[in-house]
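*Asks:* Listed below, chain by chain, are the residues.
Number of protein chains: 2
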Amino acid sequence: MSGRAPVRYDYEKDPAAIYRQSFAIVRAEADLERIPAELHPAAIRLIHACGMPGVIADLAWSDGVAAKVAAALRGGAPVFTDVRMVAEGIIASRLPAQNPVRCLLNDPRTPDLAARLGTTRSAAAVDLWREELAGAVVVIGNAPTALFHLLERIGEGFPQPAAILGFPVGFVGAAESKEALIANPFAIPYLALRGRHGGSAMAAAALNALAGGVPEEAPR
Amino acid sequence: MSGRAPVRYDYEKDPAAIYRQSFAIVRAEADLERIPAELHPAAIRLIHACGMPGVIADLAWSDGVAAKVAAALRGGAPVFTDVRMVAEGIIASRLPAQNPVRCLLNDPRTPDLAARLGTTRSAAAVDLWREELAGAVVVIGNAPTALFHLLERIGEGFPQPAAILGFPVGFVGAAESKEALIANPFAIPYLALRGRHGGSAMAAAALNALAGGVPEEAPR
Chain A
1 MSGRAPVRYD YEKDPAAIYR QSFAIVRAEA DLERIPAELH PAAIRLIHAC
51 GMPGVIADLA WSDGVAAKVA AALRGGAPVF TDVRMVAEGI IASRLPAQNP
101 VRCLLNDPRT PDLAARLGTT RSAAAVDLWR EELAGAVVVI GNAPTALFHL
151 LERIGEGFPQ PAAILGFPVG FVGAAESKEA LIANPFAIPY LALRGRHGGS
201 AMAAAALNAL AGGVPEEAPR
Chain B
221 MSGRAPVRYD YEKDPAAIYR QSFAIVRAEA DLERIPAELH PAAIRLIHAC
271 GMPGVIADLA WSDGVAAKVA AALRGGAPVF TDVRMVAEGI IASRLPAQNP
321 VRCLLNDPRT PDLAARLGTT RSAAAVDLWR EELAGAVVVI GNAPTALFHL
371 LERIGEGFPQ PAAILGFPVG FVGAAESKEA LIANPFAIPY LALRGRHGGS
421 AMAAAALNAL AGGVPEEAPR
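Taken in order, these protein sequences are the chains called A and B. Numbering follows the working numbering, with no gaps: position 3 of the first sequence is 3. Numbering follows the working numbering, with no gaps: position 66 of the second sequence is 286.
Keep in mind that the hints were calculated from the coordinates and are not lab data. Each residue gets a CB set at the ideal place from its N, CA and C atoms; glycine is no exception.
Selected chain B positions facing chain A (Cβ under 10 Å, derived; list incomplete): (1) 231; (2) 235; (3) 238; (4) 243; (5) 305; (6) 362; (7) 405; (8) 422.
Only chain A is shown next, with the shape it has when bound in the complex:
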């Protein structure tokens, strides 16, 4: 069996200090020059979520997206996510109007709908957003199919969300779905990370930043 003796590590235990040090390192290492000031919180939280200062070289946005998201949330807009992990990463206390955060992936209607449409459950769940989609904030952290399907449905007449945050990750369709968002012909405001990088943690980080900035940087 293994040995057993007390071990002690020297590490920061104060949550406020951890956040401050962490965001200070991010600011020191990140090249924020290219990015408008109102998106600095998003850039900082994105780097914080993945540990890679260089990742924001792939950040893409439409003019004014930060203000659009903030206004929608202040107005009580719901937040739709493609997967539960994104919903779990959203800091509820940072949402300004107790905005509902909805993920319909595990809705009982979703599997049948996916089979009928011949697509993924993530994409099918988008059809269940319709009633509340007008002015909502959409956060996609995983499924390219959900993002493609949403854009197609909007083209067919689904209501327009206030903004779409596009962060699918991976090798099949992720980069392409984000390029489709960036090129969307509906003038829907967007924030997206080009290429293969992304994921639920980054998607949630982007929403958290647009909802409430980086308040953890302030000494308390």
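Fit chain B to the known structure of chain A by using the hints.
*Replies:* Below, chain B alone, put in the same frame as chain A:
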């Protein structure tokens, strides 16, 4: 207002085909030579989770960790996670014994415990694992403090888990906590990603792979 006209994108909609293509790209781009065969599923799922074939250069493991995790799970071991996002990323249907997946971060006892211990809630929640920790599988996807605290508690006499998967992400303590795990004096089996990379998606991916491989690669 925006223009509205149907758009159609050419993208793969079949979930099985998406997985197959995705894992085929990962295998083509990943350098698996250094990694023992029983950890190839973990390496492949880790890359799939973050979109970065190079990430496995930082993978570290103890001999036999895959078999230890598989045996513990077959025996019904619970899975403990530091954050809800990891728990959400674990594919329940892949667990061999309907293993419970527990995250105590939001337990009502955790905030008081954190205040009393002078540490983060993530670390304090570890104290609530004690009764079921013997032989459990621990998956840390976010908090270095949780990993440090767990190792310290084991040194003080907490029961030993069957294995620890260490994937904290970020700039303050993440790399150090994983080095502490790799150097743990208790001979606890581990799988970890050195450096700043990690996160809940990768942590869940590692557990999913050790629990059930990469069955999505098989044509169906």
